[in-house]
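**Q** Sequence:
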Amino acid sequence: MKIRTLFIVLILSSSLSHAIAGTDIYKHVDKDGNITFTNRRINNAQKVSIASFSRNTVQSGSSSQSLRVKDTTQKERDTMRRQILEKELMTEEKLFSDTQSSLLQVGNHTESSLNQEKIVQLKNKLFSHQRNIAALKKELAKL
646 MKIRTLFIVL ILSSSLSHAI AGTDIYKHVD KDGNITFTNR RINNAQKVSI
696 ASFSRNTVQS GSSSQSLRVK DTTQKERDTM RRQILEKELM TEEKLFSDTQ
746 SSLLQVGNHT ESSLNQEKIV QLKNKLFSHQ RNIAALKKEL AKL
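Quick note, in this note's numbering, the sequence shown goes up one by one and the last residue is 788.
Just so you know, not all the hints are guaranteed correct.
[Said to hold, decoys possible] Pair by pair, the computed Cβ-Cβ distance ranges are:
#: 1; residue 1: Arg776; residue 2: Asp723; range: 20 to 28 Å
#: 2; residue 1: Leu712; residue 2: Thr650; range: 54 to 62 Å
#: 3; residue 1: Val693; residue 2: Asn760; range: 53 to 61 Å
#: 4; residue 1: Ser758; residue 2: Glu738; range: 27 to 35 Å
#: 5; residue 1: Ser773; residue 2: Arg727; range: 17 to 25 Å
#: 6; residue 1: Leu740; residue 2: Leu712; range: 34 to 42 Å
#: 7; residue 1: Asp677; residue 2: Thr650; range: 45 to 53 Å
#: 8; residue 1: Ser658; residue 2: Glu733; range: 56 to 64 Å
[Said to hold, decoys possible] When the alpha-carbon atoms are kept at most 30 Å apart in a straight line, the in silico DSSO-like pairs for lysine-lysine are as follows:
#: 9; residue 1: Lys732; residue 2: Lys720
#: 10; residue 1: Lys787; residue 2: Lys770
#: 11; residue 1: Lys720; residue 2: Lys787
#: 12; residue 1: Lys770; residue 2: Lys732
#: 13; residue 1: Lys732; residue 2: Lys763
#: 14; residue 1: Lys783; residue 2: Lys732
#: 15; residue 1: Lys720; residue 2: Lys739
#: 16; residue 1: Lys783; residue 2: Lys768
#: 17; residue 1: Lys739; residue 2: Lys787
#: 18; residue 1: Lys782; residue 2: Lys739
#: 19; residue 1: Lys732; residue 2: Lys715
#: 20; residue 1: Lys787; residue 2: Lys732
#: 21; residue 1: Lys720; residue 2: Lys782
#: 22; residue 1: Lys715; residue 2: Lys783
#: 23; residue 1: Lys787; residue 2: Lys715
#: 24; residue 1: Lys715; residue 2: Lys782
#: 25; residue 1: Lys732; residue 2: Lys782
#: 26; residue 1: Lys763; residue 2: Lys739
Bear in mind the hints are in silico, worked out from the structure with no lab data behind them.
Given the structure is predicted, the values throughout are model-derived calculations rather than measurements.
Beta carbons are placed, not taken as given, at the ideal position from N, Cα and C, and that holds for glycine.
Please put together the full structure from these sequences, using the hints given.
**A** Quick look at the structure:
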C-alpha cells in the first residue's frame, strides 16, 4: 500500500513540475503604461516567447580581439579619468574645509537646540566629505 501511494505521489509531482515549467508568460501594458508579466492569460496581453539558453556556448577568439582597445586610446582615457578624479578631489577638499570652518563658527556661538542640530548636520557632512576624499585618493592610487 505504501509503495503504491509513493508511486502515485511521484507521478503526480513529476507531471506537476512539467506543467509548471511549461507555462506561458504574458506581457500586459495597461492604459497608464505599466508593464505586467504574468503566467495568467489577460485580455490584450501578448504571449512572450522565451529563447532557449545554452550554457555551453563557445565564444569565438576573434570577438575577444575585436574588443581590445589601442594602448594610446587607453592612455588617453586614463589621463582623462585622472584629471576628472583630481578635479573632484580638489572640490571635495574645498567643501571639507568650508564645512570645517562653518562647524567652528557654529560651535563658537551660544548653545541652543537649533545649534545642536546644525552641529550634527555639519559633522555628518564633514564625515561624508572625509569618506569621499579617501575614496578619491584610493581611485587615484589605482591609476
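**Q** Determine for every hint whether it applies to the structure shown.
**A** We went through each hint and held it up to the structure:
1. Arg776 <-> Asp723: 20 to 28 Å: 24 Å, holds
2. Leu712 <-> Thr650: 54 to 62 Å: Once the Cβ atoms are compared, 58 Å apart, the range 54 to 62 Å for Thr650 and Leu712 holds.
3. Val693 <-> Asn760: 53 to 61 Å: 59 Å, holds
4. Ser758 <-> Glu738: 27 to 35 Å: Given a distance of about 31 Å, which is inside 27 to 35 Å, the answer is holds.
5. Ser773 <-> Arg727: 17 to 25 Å: 23 Å, holds
6. Leu740 <-> Leu712: 34 to 42 Å: Hint holds: Cβ distance 38 Å, inside 34 to 42 Å.
7. Asp677 <-> Thr650: 45 to 53 Å: For Thr650 against Asp677, whose Cβ atoms are near 51 Å apart, the range 45 to 53 Å holds.
8. Ser658 <-> Glu733: 56 to 64 Å: At 58 Å between Cβs, range holds.
9. Lys732 <-> Lys720: The hint holds at about 18 Å.
10. Lys787 <-> Lys770: It holds: about 26 Å lies between the C-alpha atoms, which stays within 30 Å.
11. Lys720 <-> Lys787: 14 Å, holds
12. Lys770 <-> Lys732: 19 Å, holds
13. Lys732 <-> Lys763: It holds: about 28 Å lies between the C-alpha atoms, which stays within 30 Å.
14. Lys783 <-> Lys732: 14 Å, holds
15. Lys720 <-> Lys739: 29 Å, holds
16. Lys783 <-> Lys768: Given pair Lys783, Lys768 holds - Cα atoms ~23 Å apart, limit 30 Å.
17. Lys739 <-> Lys787: Roughly 23 Å between the alpha carbons, so the hint for Lys739 and Lys787 holds.
18. Lys782 <-> Lys739: 15 Å, holds
19. Lys732 <-> Lys715: Given that 30 Å is the threshold and the Cα spacing comes to 26 Å, the pair holds.
20. Lys787 <-> Lys732: Distance ~16 Å between Lys787 and Lys732 Cα, so the pair holds.
21. Lys720 <-> Lys782: Given pair Lys720, Lys782 holds - Cα atoms ~19 Å apart, limit 30 Å.
22. Lys715 <-> Lys783: Cα-Cα ~26 Å, so holds.
23. Lys787 <-> Lys715: Between Lys787 and Lys715 the Cα gap is close to 20 Å, so the pair holds against 30 Å.
24. Lys715 <-> Lys782: 27 Å, holds
25. Lys732 <-> Lys782: Status holds; Cα separation ~12 Å.
26. Lys763 <-> Lys739: Roughly 20 Å between the alpha carbons, so the hint for Lys763 and Lys739 holds.
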